Structures are given as structure tokens and as C-alpha cells.
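Knowing the structure of chain L, use the given hints to seat chain E on it.
Here is how the chains run, residue by residue.
2 protein chains.
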Amino acid sequence: MALMSISMSNFLIKSPNPQNTHLRFRQGLAIPHKRSFGIGHRTGRILCALIEADGGNLVELFVKGDLRDLKRREALEIPRIKLSRIDLQWVHVLGEGWASPLRGFMRESEFLQTLHFNSLRLDDGSVVNMSVPIVLAIDDKQKQRVGESDRVALVDSNNNTVAILSNIEIYKHNKEERIARTWGTTAPGLPYADEAITNAGHWLIGGDLEVIAPIRYGDGLDRFRLSPAELREEFVRRGADAVFAFQLRNPVHNGHALLMTDTRRRLLEMGYKNPVLLLHPLGGYTKADDVPLSWRMKQHEKVLEDGVLDPETTVVAIFPSPMHYAGPTEVQWHAKARINAGANFYIVGRDPAGMGHPLEKRDLYDADHGKKVLSMAPGLQRLNILPFKVAAYDKTQGKMAFFDPSRPQDFLFISGTKMRTLAKNKESPPDGFMCPGGWKVLVDYYDSLAVPENGKIPEAVPA
Amino acid sequence: MALMSISMSNFLIKSPNPQNTHLRFRQGLAIPHKRSFGIGHRTGRILCALIEADGGNLVELFVKGDLRDLKRREALEIPRIKLSRIDLQWVHVLGEGWASPLRGFMRESEFLQTLHFNSLRLDDGSVVNMSVPIVLAIDDKQKQRVGESDRVALVDSNNNTVAILSNIEIYKHNKEERIARTWGTTAPGLPYADEAITNAGHWLIGGDLEVIAPIRYGDGLDRFRLSPAELREEFVRRGADAVFAFQLRNPVHNGHALLMTDTRRRLLEMGYKNPVLLLHPLGGYTKADDVPLSWRMKQHEKVLEDGVLDPETTVVAIFPSPMHYAGPTEVQWHAKARINAGANFYIVGRDPAGMGHPLEKRDLYDADHGKKVLSMAPGLQRLNILPFKVAAYDKTQGKMAFFDPSRPQDFLFISGTKMRTLAKNKESPPDGFMCPGGWKVLVDYYDSLAVPENGKIPEAVPA
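Going line by line, the protein sequences match chains L and E. Just so we're aligned: the first sequence equals residues 1 to 463 in full-length UniProt numbering. Just so we're aligned: the second sequence equals residues 1 to 463 in full-length UniProt numbering.
One thing to keep in mind: the hints can contain errors.
Each pair may be met inside one copy or between any two copies, as identical chains are not told apart.
Here are the simulated DSBU-like pairs of lysine-lysine, each with C-alpha atoms no more than 35 Å apart in a straight line [to be verified]:
#1 Lys389 / Lys82
#2 Lys372 / Lys175
#3 Lys141 / Lys361
#4 Lys426 / Lys141
#5 Lys287 / Lys172
#6 Lys175 / Lys287
#7 Lys440 / Lys424
#8 Lys172 / Lys418
#9 Lys172 / Lys361
#10 Lys424 / Lys287
#11 Lys143 / Lys389
#12 Lys287 / Lys361
#13 Lys372 / Lys399
#14 Lys399 / Lys64
#15 Lys172 / Lys372
#16 Lys361 / Lys175
#17 Lys143 / Lys372
#18 Lys389 / Lys172
#19 Lys372 / Lys82
#20 Lys298 / Lys361
#21 Lys143 / Lys361
#22 Lys440 / Lys426
#23 Lys71 / Lys175
#24 Lys71 / Lys399
#25 Lys273 / Lys372
To be clear, the hints were calculated from the coordinates, so they are not data collected in a lab. Source: prediction; values computed, not measured.
The following block holds chain L by itself, in its conformation from the complex (with noise of 0.2 Å):
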């Protein structure tokens, strides 16, 4: 298939004008199965026609067929270290190149840059952005049991090599400071704080990752697991000349779905023949009270069947990472990652990232301060950053529509908690809210929480 020469940054700024392109306008599936590939061998034919992975080249970790026995051999005679399930998810994450130019678990001075700088300065004197520290922590003991090898293997809670670590470098792990130049506040109840940081080592263990196989979860749903690498492959199949990634982490209602389809109008308003949506729900860890991955995946399933979103022009994939909760630090990141999987249009919403104070009766951010940092970061200038415009239930048309501020009696507002509730109580919300489909999943996830082991039915978070 042809391959478009034009680079697909600032497009904002410069509406493309594709020459000598034959953009085939093949009909994909929604949701592309996953295929088995060879590492890499595709990257360079893929970069061509969509934005650049940072650094210039998508990293990809993965140690090559042929090798992963020996490979599983030399992780034998090295110290190990068990991977936590969070842990496991950074592997994942940086072993298909989301992160690149990061080619391993932060050293210290990568470490550092994270934290004061939400950016890497390259050999090149070029700057990625880089927001959320990815690490690995080990205890004193553990760091014992290193000793002076230059190399660890690392291995899941089964004791099976997942990867070796070399060229590694052992350096302070100052919890408070992380996190407090993370997110902002060092308050008690941070989820991902307390989840991986708060308990874990004193040591912070950084190198060069190599990953002995793809990383598989077997919980049906690893064919949404789509790499940048098999993404980029699946926008080229399908002549997209533009990409504009939606991260979620939520149920799909009809709002979300009027914002995806109306970008998509303006991008074609702007001249791009067949923009992609990337429909990218987080699939790491989240918070206890967020609806859990595979019901998720249900819904965004139910929201593509219903033809509420056009399975042609969307590609439905999981994104690989866990979640932080950490706001306007935090959507720097979901963003990057997004330009790695060839997205240079991503849409930002109010408060992305965002979560309640842990201790205080206030939201941890301001609501537009993660639009406003994203649109300032350091490393994101090629990305096409588009605010989410808002949408409420307009009572004239009984449909989700964008708001006007001229009539605003019109206007219903369905908050998270009041969809929380209807979903809880079997209710509907209003025709036209969410399609049925949809509906019935959430209705079902509520149900099935209906008898929990401690007879309490846990919180769900604001859409």
C-alpha cells in the first residue's frame, strides 16, 4: 500500500496538503484482532506516515524470538527481583516503546528530570516530554542481594523471567519527594501512592530493560492490547491521515460520543480525508472505585455495536499503563504515550487525570490546569492539543448536545454521581443519554456488586 510522505506534525497550524498519496480507505475492523508479530521489523515503513515517536524512533524491548532461551538461561545465574503487579504493567508499558525514547526502568538522572523538569533532554539536545517517573523500587535487602552485579532479572509472581535489567544503577528512592513533585500534595490516600509507593523500598533500581516475550494477561481481553508499533500498522491499513486519541477511563455515554464524532467533522472541515479515532481506555491499575477494566471494555463494546460510534473510522485499543491520578502531571503522559502509538491529536478534557482531594472537600486540581499544561509542555509542541468542548442533556432535542450558554435552562447536567445512582437503582437515565446497550452493561457491573463478601457496595467514580 502506498505510503503518505508528509509529516503529520502541526497540523493546527498547517492543514495538510498530501501530494503524490493514494490513501486507501479500507474498511477495518473496529476492534482489529491481535495478530502475532516479529519485534520492530515494521517500524520503519510505519514511521513514515504518521507522527514520529519521540526520540525519533519507537522503542521497541522485546528480546527476538530466537533468543528468548538463552536469554531465560543467563536470567538464571543473576539476583532477581519480583515484580509487582504495577510493576509488571511498566514493563509492559516500556517494553513496546509507549515511553521511548526510555529504554528501561529511570536512572537517577532521568529520575530527576521527571520530577523538576516533566521532560528528558536527549543527547541530541532535543527534549520528550516525561512526566510521571517510571521506576522500580527495591527494598535494602533486596539491594543486598544484588550486590555488585550489573544485571538483575526480573521475574513475576510466579518466579518466571519476565526481563533482565543491565547496565543498572541503584540510587536513593525519596518517597516524600516524589511524591510530593508528582502530584502536587503529599496527603494521605493518593491511590497510586499508596498502592506502590508508600510501602515500597527505600532503593530505586534503574538500567536498560530487555523483555523476554510479550507481556499476556489471559484475561480475554489481551487482542485489545494493541503496541504502538500494531497500532501505527492499523492507522497506515487504514489511510488514516490523521489520529486523535481519546484516553478514558470511564463508561462511553452519548456526550463523549458527540465530542468524538464532532472532531472528526472538524478535522475533515480542516481537510484531512480520514482522521482515526483511538478510542484508548487505561487498562493498568486504577482505584478501587473505578469500574473495572472488563466491564469497561464491555460498554466501549456494547457503545461500537449500538453504531453510536463508527467502527470504520475508530479503532478501539487498550492502553497499557497504570494509572496515577495525578492531573496535570499525569495527562502530559497520557498524551505522550499517544504520539508514540502515532496519535498527533489528542483530545483533553476538565480536570484530566483529576480525582478528589484525599483529605479536603475539593477537587486535588484545578479543572483547566490540565489543558493549560498540556498545551505548555515541554516535548508536546507537535501535538495537536483539543480541549473538550462540554456536553449536557438538552431537554429540546432529548439528546446529548453541546452546551449554549445562551439557553442554559435547557441544559441537563448528568454528573458521574448521578449516573452512579441511576445505574445503582436500575434506573434509566434520559433517552439518548447513553445507547441501551451501554446502559445494560453498567446496569449489570452495579448488580453484580449487589452482595459483596462485606456487605458494602463500593463507590463508583464520577464519569
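Chain E in isolation, oriented as in the chain L frame:
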């Protein structure tokens, strides 16, 4: 006099090869007397010879003499905001261009970039370092008084108009987030936070600053308060072809002197003909247990009088900034401000701008992080960072010398605590630790504290 035509940036990489320069080795005063200058009329010439100010032009925000009365009258017609002592120091800092290219108290976009990126992106896409927020807090009542006005008058404690702030923007002051992102902790007991943030208003007001007249403190030290433009003039007058800055807020002992002398020697070896030292004690707010500015200045004068430092190649001046004690974040500010004053070399010590953790028995920052962060900081690439060599008392030589790890038994580390205890007890340190005149000042200072009102002797901090 002839001006040098070469750029002074990146001298560590490329040795200078001055062409067509006629350096004049005029014997300048170590401590120049303050002269009265018009505003900005010399900067064009001076900038040619020294490292460029951040953003290309040194900003000076003073109202020209003939317009002052007009501005004072204007100020009577607009809402007033009373400045704290620290606010006034920031007006001083901004007015003289230490924070160039900042033209006033930060608006929200500058505040957010400072907190998240420690740098500002300028309209031309270039990046300057800016690591500490320079902001003005107001409370609800003040905000109400400002109302719809687009400008305010800033007045001192005697209600004299100090400045006018125009095109104002008022935005939320999230103190917790500001403190967490600036200090990497929110522990109570951070001196600057206790003094200037915790009890400050819940709003910040940014805008364009016009300072009516140069800030004077009337404490006998104003002659040392040279602006960046005045320092640049002095360096040019002395024919400096390199300026190396040494930030300090403690008495100078012979270890410091050795370091500064050695730095000059190294710069001469590198091919510079006349490196000049900017010995630049911080003159703004410091915590209660630091040695006060007036005593430090007396001590520094003695050091120069006693010939420990060469007055001909040393300029002693006061840096008007308040102290944050924010370690790796603040050291960037200290370095960046000195670029604006013409310094192209910056000496960085162990744990710069550090202090003990307010609650825990440890240093707040890793002693090496300041140096590391400084070397990687955005916008500071053109500044040459000179890491501090460790000096200690060499018992075999009876003087301060660079520590030789091959014979540790010969060295005596005289900590700040030790120095303080000796001075308090009117004991003498080993010969050669500090010049006798300087030591006497220190003893006199502690003597002056001997019978304070509350009967307690304040603790001094380690040097």
C-alpha cells in the same frame, strides 16, 4: 573602552579565542560605590560583551525619573495592595531584571510553567529557566477591593507607592500544590512557606510591573546592592572575559577562598585573561538562625581587607532575592539570576540552598541533587557549572586545602556546627581556617546575641 565581540557562552566546550579585543586590566574597587544611573541606557553596549541576559535583553522595570511624579499621582487613583517585606524584595528582584525576561509578578501561565517545568517557553519558542514562583498573594478582601480594575498600586508599609501592576490577572493560590512542587515536601516548618505562603491570601495577582524608583533599604548596605546592569557595567569596566559567580549566605572561610582562588586559576589555565569573581551574598529574607546580612557583609569585607581574596578581581555585591531553602529547585534560580548579571560560570556546592528536613532527622535534599539538577536544567545550558571541590583543614599544612582521599587522616572537617560552637565560646579555630578579622566578626555576632530578650541563644546554621 573597547568592547569584546565574542560570545561568552559555552566556554567550557570551546576555549575563547578573542579577536580584536583590547582588554583593559583596570584595577577596580572590590566594592564599587553605588552610582546613580539612568535606566537601561547602557545595557545595549554592555550586553555585547558578556553572556546575554535570558530572553536576549536585560529587563529593567523602573519608571524614568521625569515620569515618576505622574505615576505616583496615577497610583492614587487605583486600588492599593500593601506589600510585605518579602513582596518588596521581589519587586526589587523583578525591577532590576534578575528574573529577566519576566516583566512582573507571574500570571497563571508563568506560575504553572514554573511549578511543572522549572522553565518558561518564550514566544519565539526558546526556553529560559525559571524555577521558583515569583508571585504576589492577595486575600479575599484585597481581591474584592481590586474589583474590575485592570491595574493596582503596590505600596510599602508606610503607604508609599512602590510600583504599579498593570494588565493584572488574578488566579487561585493553591498553597499546598505550590509548596509541594517547589520544595518536594509539605512538612510544616519550611521557613519561607511559614513566612510568606501559609498565612498569605488565597489568590495570586500577576501583571506588568512598573517600579517607581530603585528600591533602597537605608541600612548602610545599599551601596552593595548593584543591579544586573550595574554589575555588567562593572565587569566590562574591569575588562572581565569570564565572570564566575559564588552565591553564599554564610561567612566565608578559607576553604571557600581556596575554591574561588582555584577557580580563577583554572579559568586562567583555560585561556581566559581576566576572570572576575562575583562574590554574591544573598541579601533578602533568610531564616532566623542564619547569620544576618549586616554581619555577613562585615565578615566579607574583612576577608577582602585581609587579602584572602584579591580585591582587584573580586566584586562583592548583594543579591536582593529572598531565600527559599528549596535545594535543587532554588539553585536553578540562583544560577539563572547570575546569568542576568553577566556571569557565565557558576560555582555550585554540596546541597546548595538545602537545609535539614523540618520534621525528620535528615537533610531535606540529597547533597548531590542540586549539582545534578543544575547541570540538566532547561535554559541553563549556556551557563558553565563548576562543581564545588571539597576543602578541609589539612593538619600537615596547617591550612585549608582540597581534600585528598589518599590521606584522609590528615584532614579535619570543621563543620558549621563546630564553627558556630567555637565562635559562640570565643574560641579560635585552627590557624588558617578563617582570616582573623573575619573570625572576629563572627565572634562579635554571637557576642551580640549573648543576652537576648528571651534568654535563648538562637542556633546558627552550618556553613
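Violated constraints from the hint list, given by number and in increasing order | Those not satisfied are hints 1, 4, 14 and 24.
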